Amino acid sequence: MALTRDTDLHRRRLSRNLGLGVVLIGFAALVFGLTIAKVQSGSKLEAYDHQPRVTLLPATGAGQ
Amino acid sequence: MSDIGYLDQGKEAQFGDYVALLKPRVMSLVVFTAFVGLVVAPVPVHPFVGFVAILFIALGGGASGALNMWYDADIDRIMRRTKGRPIPAGLVTEGEALGFGLALAGISCVMLALAANIFAGAFLAFTIFFYAVVYTMWLKRSTPQNIVIGGAAGAFPPMIGWAVATGGVSLESVAMFMLVFLWTPPHFWSLALFMKDDYSNAGVPMLTVTHGRKATRLQILVYTLILAPVAIGTAFTSIGGPVYLAVSLALNALFLKGAWGIYRRAEDTATDDRYAYEKRFFYFSLLYLFGHFLALLIEKGLTYFGLGGW
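Chains A and B are the protein sequences, given in the same order. Going by my numbering, the first residue of the first sequence is number 922, and it counts up by one from there. Going by my numbering, the first residue of the second sequence is number 896, and it counts up by one from there.
Bear in mind the hints are in silico, worked out from the structure with no lab data behind them. Since this is a predicted model, take the numbers as computed values, not measurements. Take the hints with a grain of salt, since some may be wrong.
Stated by the list, open to error - Just a few of them, taken from the derived set where beta-carbon distance is under 7 angstroms, the chain A residues facing chain B:
no.	residue
1	Arg932
2	Arg933
3	Gly942
4	Leu955
5	Thr956
Cβ atoms here follow ideal geometry from the backbone N, Cα and C, with glycine treated the same way.
Model the full assembly from the supplied sequences, consistent with the hints where possible.
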């Protein structure tokens, strides 16, 4: 008895669980796609670690 | 969106019921106007970034829909039109709808800020706040001009779309806002004229109930008169052009004619033909808004062929 009730519950919730699964996978895909898009467009890619920031260094006078 | 499991016998909320909490039909208007706002902006947006931005603007709109259904559950239970919504139907509890709405509001604003810019994300947050708090909680139940306030919330999406591209506000985005904002009262009140809904039982001060149908007809005419110069004037901003001007002149002439007809109609004539004229005006109002935004889109499309604009 308990078993059938249980499977019935699972059956009724199947669409909800599948839907949520699709949404979560879709969200991960969106974030990945955004990363690709942002990297491709290439603006503001300067990172703030591991190396001196070129824009913050004093001008060397070579270009003046 | 599909409503999977809608015919389920047990009172178990299905995936489609959570989708219904987001008011998908309102969402389609949000998607379209936000898309036009984003596309007509002078700054190009990466197509995928644009897609994600529209998606989260729509989700933010959906979140405010869920918050609206949470707060208005008591009214929705009384009115025939809204009795079938997930909360009155007993499928989703009020607390679930509140949590769902708040979570989605947070996700959509943060994701829009990350995908586009902080200003667009903040603007979306303001829009959700405006719809859920200013309109739903405060003014909807206290003033017969509630439709006008609600219209403002519905008019923000093209401005958010514009902000996604440009990071700010400008005359053109305000013009698109005004177009939807001033269009909402004639659109919704013409619906209220023939929708004989039980707003009075629910305690919502709908204009047709508080001031009568005659006053509502006058209000429709007044807002249509204010709308026309704004809609036509948009043709002379940077997003307008000859095509938009022609479309706008034609649509506004017809809309004004319809509003005048509504104003002149006696109530017994209207009941005799079961509000056929009002229904036609209502459906035309949908075409009116769609036509204007489509014309803006066409103007933008023409620029790629060296045409469009002035």
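Hint by hint, here is what the structure shows:
1. For the restraint placing Arg932 of chain A at the interface with chain B, the shortest Cβ-Cβ distance is roughly 10 angstroms, beyond the 7 angstroms limit, so the hint is violated.
2. Hint status for Arg933 of chain A: holds, given a least beta-carbon distance of 5 angstroms to chain B, under 7 angstroms.
3. Against a cut-off of 7 angstroms between C-beta atoms, the interface hint on Gly942 of chain A is violated, since the closest Cβ of chain B lies about 10 angstroms away.
4. This hint holds: Leu955 of chain A has a C-beta 6 angstroms from the nearest C-beta of chain B, less than the 7 angstroms allowed.
5. For Thr956 of chain A, the shortest C-beta to C-beta distance to chain B is roughly 10 angstroms, which exceeds 7 angstroms, and the interface hint is violated.
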